[in-house]
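Asker: For reference, the chains in residue letters:
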Amino acid sequence: AQSVTQLGSHVSVSEGALVLLRCNYSSSVPPYLFWYVQYPNQGLQLLLKYTSAATLVKGINGFEAEFKKSETSFHLTKPSAHMSDAAEYFCAVSSQIQGAQKLVFGQGTRLTINP
Amino acid sequence: NAGVMQNPRHLVRRRGQEARLRCSPMKGHSHVYWYRQLPEEGLKFMVYLQKENIIDESGMPKERFSAEFPKEGPSILRIQQVVRGDSAAYFCASSPTVSGNTIYFGEGSWLTVV
Chain A
6 AQSVTQLGSH VSVSEGALVL LRCNYSSSVP PYLFWYVQYP NQGLQLLLKY
56 TSAATLVKGI NGFEAEFKKS ETSFHLTKPS AHMSDAAEYF CAVSSQIQGA
106 QKLVFGQGTR LTINP
Chain B
10 NAGVMQNPRH LVRRRGQEAR LRCSPMKGHS HVYWYRQLPE EGLKFMVYLQ
60 KENIIDESGM PKERFSAEFP KEGPSILRIQ QVVRGDSAAY FCASSPTVSG
110 NTIYFGEGSW LTVV
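First to last, the protein sequences are chains A and B.
With the first letter of the first sequence counted as 1, position 78 gets the number 83 in our numbering; the numbers rise by one all the way through.
With the first letter of the second sequence counted as 1, position 59 gets the number 68 in our numbering; the numbers rise by one all the way through.
Isolated chain A, as found in the complex (with noise of 0.2 Å):
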């Protein structure tokens, strides 16, 4: 079974600060893994994926999340917060059923942007 975990609930940064939100993950194939982030009473939109190719994975809104498979992890980045990153960000794994794929969330992270 596969599993992720996200470390910290909540997490608040100053506004130009750097942003670290984490995520493990348990898997026992090689997984796909995915962040999204949800905005206030939205859908879920698509970050960044990693599926098996650079382990630095560069996604939309300057964010970054790299694989580092000794430690299961698949941690979000970015340099410089904007206060527009407000929102609940989920880290994600799926494993495969029939060519299509089945997502496993994490609790989710809600990231706050102090001015």
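Rather than coming from a laboratory, the hints here were simulated on the basis of the structure.
It cannot be assumed that every hint is accurate.
Output of the computed footprint for chain A on chain B, the stretches with three or more beta carbons under 8 Å from beta carbons of chain A [what the hints assert, rightly or not]:
id, stretch
1, 52-58
2, 115-123
Label pairs and their in silico Cβ distance ranges [as the list claims (entries may be wrong)]:
id, chain 1, residue 1, chain 2, residue 2, range
3, A, 112, B, 16, 23 to 29 Å
4, B, 96, A, 117, 22 to 28 Å
5, B, 87, A, 77, 34 to 40 Å
6, A, 117, B, 89, 38 to 44 Å
7, A, 19, B, 24, 25 to 31 Å
8, A, 56, B, 39, 17 to 23 Å
9, A, 112, B, 73, 24 to 30 Å
10, B, 67, A, 63, 30 to 36 Å
11, B, 26, A, 61, 47 to 53 Å
12, A, 33, B, 68, 18 to 24 Å
Backbone N, C-alpha and C define an ideal beta-carbon position, used for all residues, glycine too.
Guided by the hints, dock chain B onto chain A, whose structure is given.
Answerer: Coordinates of chain B only, in the frame set by chain A:
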């Protein structure tokens, strides 16, 4: 190319009524997924369907919940005799037939049971 379309966006039902949530996948996508997000929680997989077939319903509650994806028309998630605990956001997602390593989410349907 329109995204995954869900309706209604917001639905209020009294206890004991039925709720029907609709999802039209992205054009060209034949895989549909339903996820539920309870308050203050992450999304939980409910069911995965292809046209006219339920492939994996391991996340569906055993009673009152059903899903379909007919040959024509949207996918429907049906909840009979709703209870307060069914209040949640229900998200539909779809993926392409061949290259399925990304799924695209709709904006969700928020069900409130009063």
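Asker: Decide, hint by hint, whether the structure agrees.
Answerer: Now the hints, each set against the structure:
1. 52-58: holds (count 4)
2. 115-123: holds (count 4)
3. A:112 x B:16: 23 to 29 Å: holds, 28 Å
4. B:96 x A:117: 22 to 28 Å: With Cβ atoms ~25 Å apart, the hint holds.
5. B:87 x A:77: 34 to 40 Å: holds, 38 Å
6. A:117 x B:89: 38 to 44 Å: Because 39 Å falls inside the window, the suggested range holds.
7. A:19 x B:24: 25 to 31 Å: violated, 45 Å
8. A:56 x B:39: 17 to 23 Å: holds, 21 Å
9. A:112 x B:73: 24 to 30 Å: Taking Cβ atoms as reference, residue 112 of chain A and residue 73 of chain B lie about 25 Å apart, which means the hint holds.
10. B:67 x A:63: 30 to 36 Å: Hint holds: Cβ distance 34 Å, inside 30 to 36 Å.
11. B:26 x A:61: 47 to 53 Å: Holds - the Cβ-Cβ distance for residue 26 of chain B and residue 61 of chain A, about 50 Å, lies within 47 to 53 Å.
12. A:33 x B:68: 18 to 24 Å: holds, 19 Å
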